[in-house]
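So the protein sequences, as listed, match chains A and B.
Each residue of the first sequence is one higher than the one before, starting from 137 at the first, in the numbering used here.
Each residue of the second sequence is one higher than the one before, starting from 137 at the first, in the numbering used here.
In short, the hints are calculated from the structure, not lab data.
Keep in mind that a hint or two might mislead.
All copies of an identical chain are treated as equivalent in the list; a pair is satisfied when it fits inside any one copy or across any two copies.
[Claimed, not checked] Here are the computed lysine-lysine pairs in the DSBU-like style, where the Cα-Cα straight-line distance is at most 35 Å:
#: 1; residue 1: LYS322; residue 2: LYS141
#: 2; residue 1: LYS141; residue 2: LYS287
#: 3; residue 1: LYS218; residue 2: LYS159
#: 4; residue 1: LYS218; residue 2: LYS141
#: 5; residue 1: LYS159; residue 2: LYS238
#: 6; residue 1: LYS159; residue 2: LYS322
#: 7; residue 1: LYS150; residue 2: LYS287
#: 8; residue 1: LYS159; residue 2: LYS317
#: 9; residue 1: LYS176; residue 2: LYS218
#: 10; residue 1: LYS287; residue 2: LYS238
Take a look at the letters that make up each chain.
There are 2 protein chains.
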Amino acid sequence: MARTKNEELHKTRKKQIVAAATKCFIAKGIHSSSMQEICKTGNISPGALYRYYPSKQAIIEAIAAQEHAQNLELIDYLRGVKNPVRGLQDAMPDILDTLLDKDFARLMIEISTEASRNQNVHEVFQKVEDQFKSNLIEIFRTSQIAGHIGKNTDIEGAVFMILALLDGITARAAASAVPSKTELTKSTGSVISALFG
Amino acid sequence: MARTKNEELHKTRKKQIVAAATKCFIAKGIHSSSMQEICKTGNISPGALYRYYPSKQAIIEAIAAQEHAQNLELIDYLRGVKNPVRGLQDAMPDILDTLLDKDFARLMIEISTEASRNQNVHEVFQKVEDQFKSNLIEIFRTSQIAGHIGKNTDIEGAVFMILALLDGITARAAASAVPSKTELTKSTGSVISALFG
Numbered sequence: 137m138a139r140t141k142n143e144e145l146h147k148t149r150k151k152q153i154v155a156a157a158t159k160c161f162i163a164k165g166i167h168s169s170s171m172q173e174i175c176k177t178g179n180i181s182p183g184a185l186y187r188y189y190p191s192k193q194a195i196i197e198a199i200a201a202q203e204h205a206q207n208l209e210l211i212d213y214l215r216g217v218k219n220p221v222r223g224l225q226d227a228m229p230d231i232l233d234t235l236l237d238k239d240f241a242r243l244m245i246e247i248s249t250e251a252s253r254n255q256n257v258h259e260v261f262q263k264v265e266d267q268f269k270s271n272l273i274e275i276f277r278t279s280q281i282a283g284h285i286g287k288n289t290d291i292e293g294a295v296f297m298i299l300a301l302l303d304g305i306t307a308r309a310a311a312s313a314v315p316s317k318t319e320l321t322k323s324t325g326s327v328i329s330a331l332f333g
Numbered sequence: 137m138a139r140t141k142n143e144e145l146h147k148t149r150k151k152q153i154v155a156a157a158t159k160c161f162i163a164k165g166i167h168s169s170s171m172q173e174i175c176k177t178g179n180i181s182p183g184a185l186y187r188y189y190p191s192k193q194a195i196i197e198a199i200a201a202q203e204h205a206q207n208l209e210l211i212d213y214l215r216g217v218k219n220p221v222r223g224l225q226d227a228m229p230d231i232l233d234t235l236l237d238k239d240f241a242r243l244m245i246e247i248s249t250e251a252s253r254n255q256n257v258h259e260v261f262q263k264v265e266d267q268f269k270s271n272l273i274e275i276f277r278t279s280q281i282a283g284h285i286g287k288n289t290d291i292e293g294a295v296f297m298i299l300a301l302l303d304g305i306t307a308r309a310a311a312s313a314v315p316s317k318t319e320l321t322k323s324t325g326s327v328i329s330a331l332f333g
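Using the sequences provided together with the hints, build the complete structure.
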């Protein structure tokens, strides 16, 4: 019991640190956020911070791991449904809940910027991205073989377009007003249908 | 004659400065690029720089003006064609030539990041964006009245989706490999058809 409690405490501390780092990253950029500032923002002692995350890179890897876990939830869901094109359309409200969150959207912009100048950050997120993409491609190829998607559809191209569209919606959510979740669910749904025609 | 030559010279100098600034912005981020560094990168004397652009904000406004001019070219073209949905599809290879340019794509990411923290930069680009969006909406609404677009199509929503998709393609072009221009022209074409169905 004591051990479980301790594990819970570690988890909570880690979450607090990642939340404080995210706040800093959004406010100042990843490059300009120091470990000291992350401590100050989260009211965390340097000892506690370095115990859980020995470097900013380690925090960034934790953020990437969170993204990976979220991607896997969608992948698991799509693997479990009969028609994953329909499944993706049905999952859109949940996906949009994440993407339209202003803090998430702004964090994604900061990560893109940092990744464009920092090879380590680029690699960490590229790995998550590549995994997600190849899982999606595999799911939709299987669906194509099962006859749910047109024989001539370029699955890889369609997955690229859907991911690009979701990136664009996220970027716009960070900066300005976007259509409602209901409208976006409808329009992304028709784009998904068109791409997997 | 002398005056024309002088004007040409001014234009060339301004272009050189904007090119040097762009190079700095991509390498270090907009926030971290100083006027001194822009001088150094472009081999420009501070006197010459301040004569043309009294501040970094003035350079950013020049970049926004360039973007506005490029948008207007597309708007003029779409206003001149009979069916602008088809016109936009036909213009995709040219549009993609710009968006898939790695330097352009990386500059756009830097601008998004800077705009998320700097209200002045946000406003300058938001204005260009709002103008472009409202021009597109007007063109496609006219086309809808002419019967080229389904009566029930939400024009504003469709324009949002197309701009988001182009943003997403740009962001991906900055970071990693993207499908070929031919493939992207085809798939954006089918998305445009679906949205304006």
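### Message
Under the constraints set out in the numbered hints, which ones does this structure not fulfil?
### Response
1, 2, 3, 4, 7, 9
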